[in-house]
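Protein chains in written order, with our numbering: chain A, -12 to 146; chain B, 53 to 158; chain C, 570 to 661.
These aren't lab readings, by the way, just hints derived from the structure by calculation.
Taking lysine to aspartate or glutamate pairs in the DMTMM-like style, the calculated list, with each CA pair at most 25 Å apart, reads:
1) B:K148 x A:D64
2) A:K67 x B:D82
3) B:K146 x A:E83
4) A:K60 x B:D82
5) B:K148 x A:E125
6) B:K146 x A:D115
7) B:K148 x A:E83
8) B:K146 x A:D128
9) A:K124 x B:D82
10) B:K148 x A:D129
11) B:K148 x A:E111
12) B:K146 x A:E125
13) B:K146 x A:E111
14) B:K146 x A:D129
15) A:K89 x A:D35
16) B:K148 x A:D128
17) A:K75 x B:D82
18) A:K67 x A:D128
Stretch by stretch, here's where chain B covers chain A in the computed footprint (C-beta under 8 Å, at least three residues):
19) 62 to 73
20) 110 to 119
Here are the simulated distance ranges between beta carbons:
21) C:I628 x A:E125: 39 to 45 Å
22) A:D35 x B:H78: 42 to 48 Å
23) A:S6 x C:V595: 39 to 45 Å
24) A:D35 x C:V595: 35 to 41 Å
25) C:L590 x A:P48: 40 to 46 Å
26) A:E125 x C:A642: 33 to 39 Å
Glycine residues also receive a C-beta, built at the ideal position from the N, C-alpha and C atoms.
Given next are the chains, with one letter for each unit.
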Amino acid sequence: MLLTFGYGVFLSMFWLLLSGHFEPLLLGLGLASVALTIFLMKRMNILDHESFPIHLATRLPAFFAYIFREIVKANIDVIKRILTWTGKSISPQLVEIQLPQKTDLGRVIYANSITLTPGTVSVELTHDKVIVHALAKEAADDLSTGNMAQAVPDRVIDK
Amino acid sequence: MIVDALSWICLVAGGLVGVVGAVGIHRFPDFYSRQHATGTTDTLCAILILLGLGLQAGISLAAFKIALIFLFLILTSPTATHALANAAMHGGLKPKTDSTPGEGKS
Amino acid sequence: MYITASIAILVTLGLVLARALMGPTVYDRIAAINMFGTKIVLLIAVFSFLSGQQDLLDIALVYALINFIGVVAVLRLVAYGDFHSSGEENKK
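Just chain A, same shape as in the assembly (with noise of 0.2 Å):
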């Protein structure tokens, strides 16, 4: 219940600030379509901690600074190589990378990290594991260390 009220309150934020007009009909018109998106979302019964991952929120702007980090370091890695490209700047590999996170969020968000800093891109993902291809040995091998792992927030919520 909390967290549909909480999903109401962000989605009349949304409506406000993407029209910013303040007129009576317009206003009807918003709260209108966020009722409708949250009986539609609760009919098709998506609407829990999956959907709107209200309980990471505190552990997401440290994420993102990371993250942010990591894109940077990641994209000068690939932009020198493909300036210095002579034919063997690169060595493409596959590796598997465990998954240390417990819940499928944390799961996703990793492996959507991995693609998310050039160099390494997450080819398939299964329950424990991740194959990863990689553009050189070195984002392998930085990869395997595993501290993008650990800055991945994941938090199991008891229900």
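Using the hints provided, position chains B and C relative to the given structure of chain A.
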């Protein structure tokens, strides 16, 4: 004034990163390594250009919309890239690899 | 400065389009089109500042979403041959 200079730097650097990434998708030899060049432009180029625009917008509705565009790009681009790589792998496209000489040659 | 950024994005678009036309496999073409869409979103955003019409940012927003859905839809078409199969029967 200093904000103008900063957004100049961001926009030009973003454009350059984009061009380098586009060069990358011509230079790299196979599909999977090209994905990395695509990733470069999807992330750093978008970050820099949208940051440059956001600095110009200041605190306004436009800045919020730019942040929203950034959020959508950051959320959807890894999903699309993963779906592509996964589909290519299931479609039987073998990556050229250095580590496993037995299965790599396509 | 917006013009400089626009020109850089346009050069990128040209190179990406060349890859989409050349691309040896169909996945190369889809990847190039995906990147093309991302760059178009950035171009629309830059153009909205260049022309001073900030309403165009809404269009960029919608384009970002449609681009993603479009790529996934094309991938389904390539993988399964149609848009309506559940995909379960092809999974191993």
